[in-house]
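Line order of the protein sequences matches chains A and B. Position 168 of the first sequence, counting from 1, maps to 168 under UniProt numbering, and the rest follow consecutively. Position 15 of the second sequence, counting from 1, maps to 15 under UniProt numbering, and the rest follow consecutively.
Rather than coming from a laboratory, the hints here were simulated on the basis of the structure. Please note that the accuracy of each hint is not assured.
[Stated by the list, open to error] Restricting the straight-line Cα-Cα distance to at most 30 Å, the calculated cross-link-like pairs of lysine-lysine (DSSO-like) are:
| id | chain 1 | residue 1 | chain 2 | residue 2 |
| --- | --- | --- | --- | --- |
| 1 | B | Lys248 | A | Lys42 |
| 2 | B | Lys248 | A | Lys46 |
| 3 | A | Lys225 | A | Lys240 |
| 4 | A | Lys281 | A | Lys225 |
In this text, all values refer to a predicted model and were calculated from it rather than measured experimentally.
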Amino acid sequence: MPRELPYIVAINEAIHLEMARDEDVLYFGQNMATTENEDFVKAFGKDRVRVTPISETAEIGLAVGAALAGKRPVVELYMAEFMLVAMDQVTNEGNRFRAMSGGQVTVPLVLKAGYGFAAGWAGQHTGVLTNLFMGVPGLKVAVPSTAADAKGLMATAIRDDNPVVYLHHYLLTLEHGDVPEGEHLVPFGEAAIRRSGGDVTIVATGWMVDRSLAAADTLAGEGIKAEIIDPRTVAPLDTKTILESVERTGRLVLVDQAPRHAAAATVIAGEVAEHGFSSLKAPIVQVTGRDATVPYSEPLEAYVIPDEERIAGAVRRVLGTSPVAA
Amino acid sequence: MNEVQGRDVLDTMWRIRHFEERVGRLKRADEVHGLIHSSLGQEGVAAGVCRQLRDDDAVYSGHRAHGHAIAKGAPMDRVMAELMGRDDGLCHGLGGSMHLVDVEHGLMGATGVVGGNVPIALGSALAAQLRGDDAVAVVFFGDGAVQAGHFNETINLATLWGSPLILVCENNGFAEFTLRSAHTVVERVSDVVAPYGLTRETIDGNDVLAVWDAFGRFLEAARRGAGPLLLECLTHRLSGHYEGDPAKYREAIAQDEWQQVDPILRLQRHGIGAGWFGSDEAAAIEAGAVAQVEAAVAFARESPWPDEALIAEMVYAGAVDA
Ligand SMILES: Cc1ncc(C[n+]2csc(CCOP(=O)(O)OP(=O)(O)O)c2C)c(N)n1
Numbered sequence: 001m002p003r004e005l006p007y008i009v010a011i012n013e014a015i016h017l018e019m020a021r022d023e024d025v026l027y028f029g030q031n032m033a034t035t036e037n038e039d040f041v042k043a044f045g046k047d048r049v050r051v052t053p054i055s056e057t058a059e060i061g062l063a064v065g066a067a068l069a070g071k072r073p074v075v076e077l078y079m080a081e082f083m084l085v086a087m088d089q090v091t092n093e094g095n096r097f098r099a100m101s102g103g104q105v106t107v108p109l110v111l112k113a114g115y116g117f118a119a120g121w122a123g124q125h126t127g128v129l130t131n132l133f134m135g136v137p138g139l140k141v142a143v144p145s146t147a148a149d150a151k152g153l154m155a156t157a158i159r160d161d162n163p164v165v166y167l168h169h170y171l172l173t174l175e176h177g178d179v180p181e182g183e184h185l186v187p188f189g190e191a192a193i194r195r196s197g198g199d200v201t202i203v204a205t206g207w208m209v210d211r212s213l214a215a216a217d218t219l220a221g222e223g224i225k226a227e228i229i230d231p232r233t234v235a236p237l238d239t240k241t242i243l244e245s246v247e248r249t250g251r252l253v254l255v256d257q258a259p260r261h262a263a264a265a266t267v268i269a270g271e272v273a274e275h276g277f278s279s280l281k282a283p284i285v286q287v288t289g290r291d292a293t294v295p296y297s298e299p300l301e302a303y304v305i306p307d308e309e310r311i312a313g314a315v316r317r318v319l320g321t322s323p324v325a326a
Numbered sequence: 001m002n003e004v005q006g007r008d009v010l011d012t013m014w015r016i017r018h019f020e021e022r023v024g025r026l027k028r029a030d031e032v033h034g035l036i037h038s039s040l041g042q043e044g045v046a047a048g049v050c051r052q053l054r055d056d057d058a059v060y061s062g063h064r065a066h067g068h069a070i071a072k073g074a075p076m077d078r079v080m081a082e083l084m085g086r087d088d089g090l091c092h093g094l095g096g097s098m099h100l101v102d103v104e105h106g107l108m109g110a111t112g113v114v115g116g117n118v119p120i121a122l123g124s125a126l127a128a129q130l131r132g133d134d135a136v137a138v139v140f141f142g143d144g145a146v147q148a149g150h151f152n153e154t155i156n157l158a159t160l161w162g163s164p165l166i167l168v169c170e171n172n173g174f175a176e177f178t179l180r181s182a183h184t185v186v187e188r189v190s191d192v193v194a195p196y197g198l199t200r201e202t203i204d205g206n207d208v209l210a211v212w213d214a215f216g217r218f219l220e221a222a223r224r225g226a227g228p229l230l231l232e233c234l235t236h237r238l239s240g241h242y243e244g245d246p247a248k249y250r251e252a253i254a255q256d257e258w259q260q261v262d263p264i265l266r267l268q269r270h271g272i273g274a275g276w277f278g279s280d281e282a283a284a285i286e287a288g289a290v291a292q293v294e295a296a297v298a299f300a301r302e303s304p305w306p307d308e309a310l311i312a313e314m315v316y317a318g319a320v321d322a
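Next up, chain A with everything else stripped away, as it sits in the complex (with noise of 0.2 Å):
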């Protein structure tokens, strides 16, 4: 039975039905001594519910160690730039220890982080790290934009094999969705359509799926039907969904808050060019982040992030009914 959840109610409650039924599961972070982690610690004890310093590089780091003991670690890092200060057991350890040991381990752990802010916080708490992440190999890169899927993904996260970032959206957090009651899963790898449209494909992750789906709204008022794909893991990526959707509209915009040269985007666009070419009607349009460090000032922050206007502003311009440039 689906009930009405917050987003970030949704992704608790998975982590607590997956520590309630396997109890290698582990949970840790900075503050799970405060009163919002009272839960986790009554239900599971302090053994499994650790506190740690900030020490992203330990803290990473021992999470790989306890992963390839059998341990199945949720690290609850906050903030996705806070992985860069251990980038080296992100992306040059944790994730490779499988490949160099031909295979002999696995390292199941779920590094979960909040990304994408657009309030202010500035350069260095705002970031869209989802294609450093997804060009990373070993890997896996979730991205849920509603609660359902910040429950199902989340999930599926912590059953996985591999290193997995969770990364969820700030500004989703307090947003309600119809999310299932007990075991959901969302499996890995395979996009939602969120709004079906003959006229165009739009592909977007996390805000960014809000941000279209009201772009879509407006679009209709003009008789355009816009298709919304919410591939919903970067890595792996759905790239079959989305092909099979060009083939039926011929057109594509990809809107991703990433900086442009460091998007998604950037890799589904070439994607499709490279095997959808002869289904594309008019050249690909990617709404993006601008090469920039987010600002702080308002009007700024609101400037070097896409929004509805420039969302609709690259669907008119790719159907033709606008000169204007995306």
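With the hints as your guide, set chain B with the ligand onto chain A.
Then chain B with the ligand, alone, in the frame of chain A:
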């Protein structure tokens, strides 16, 4: 500390206090954007350290940077404009609260990454060493930063090279919402660095006279080439971790207890006792601080939003072929 310095430090602390309180109100009214960490209560450390420094000494700060910026001489109106995201802000509104920079006054950087500026400050100290002058680098950080690997890496190199780096730890007992004891078994930060043999001291950071005195000695030693030194200031964060944090994880300090340890009231009592100023004059200093903060708010409100063209200009230094 003499009479002139005493007035200056009192004035600085009042300006920080009223600035932080005003920022809290502006944040609640949505006039200030983003994530704000107040240094309310910790004014004694900022003022006792920064008011002894020169403009050519480099200061680095972390996420709780407003007090350090003001004490180092950054104009309050431009700090306020930065917090409001305006073009006249120190960084044209691009950096905001956690990324304040005022090169003119030697505030070289603030960072939102805990401990991120500790190795960077060592770089400034090394540059001073290479120039052969007597400038120093000072880095402020919380006790939370000490558990980060790069903190330890920095201490190792700084002691190896004997660099003029003064590490000022503002130990307020918390890292975000978590008590120090949940993070480490070492009670004093000064003990963490003991094996490196650097000069270190733990003092009452709410006693600005003690901060002034200890930091003054450290500064002189660093200018003479005594190498890195670490000053641990035990202090109290009156605010929550960030503006809006209900701080349910700890008990609020009782008003009368705080009055006893408040660095500002303590200096005021001392100054009056020593005949540096009368209570009227102390009140006038506070009133002056309030007026300056209000002027800063007015200035910031008048300042225009930065131009979108700035974004492209700021990505790379120098001309770039498109
Ligand atoms: C590398 C990194 N990890 C985690 C955080 C999140 N964070 C922000 S402030 C803070 C606590 C810092 O504690 P402390 O250094 O004692 O400074 P205080 O806030 O007490 O002044 C943490 C963990 C961060 N900003 N950077």
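Now for the hints, and whether the structure bears them out:
no.: 1; hint: B/Lys248 <-> A/Lys42; verdict: 18 Å, holds
no.: 2; hint: B/Lys248 <-> A/Lys46; verdict: 20 Å, holds
no.: 3; hint: A/Lys225 <-> A/Lys240; verdict: 21 Å, holds
no.: 4; hint: A/Lys281 <-> A/Lys225; verdict: 16 Å, holds
The earlier numbered hints are all upheld by this structure, with none contradicted.
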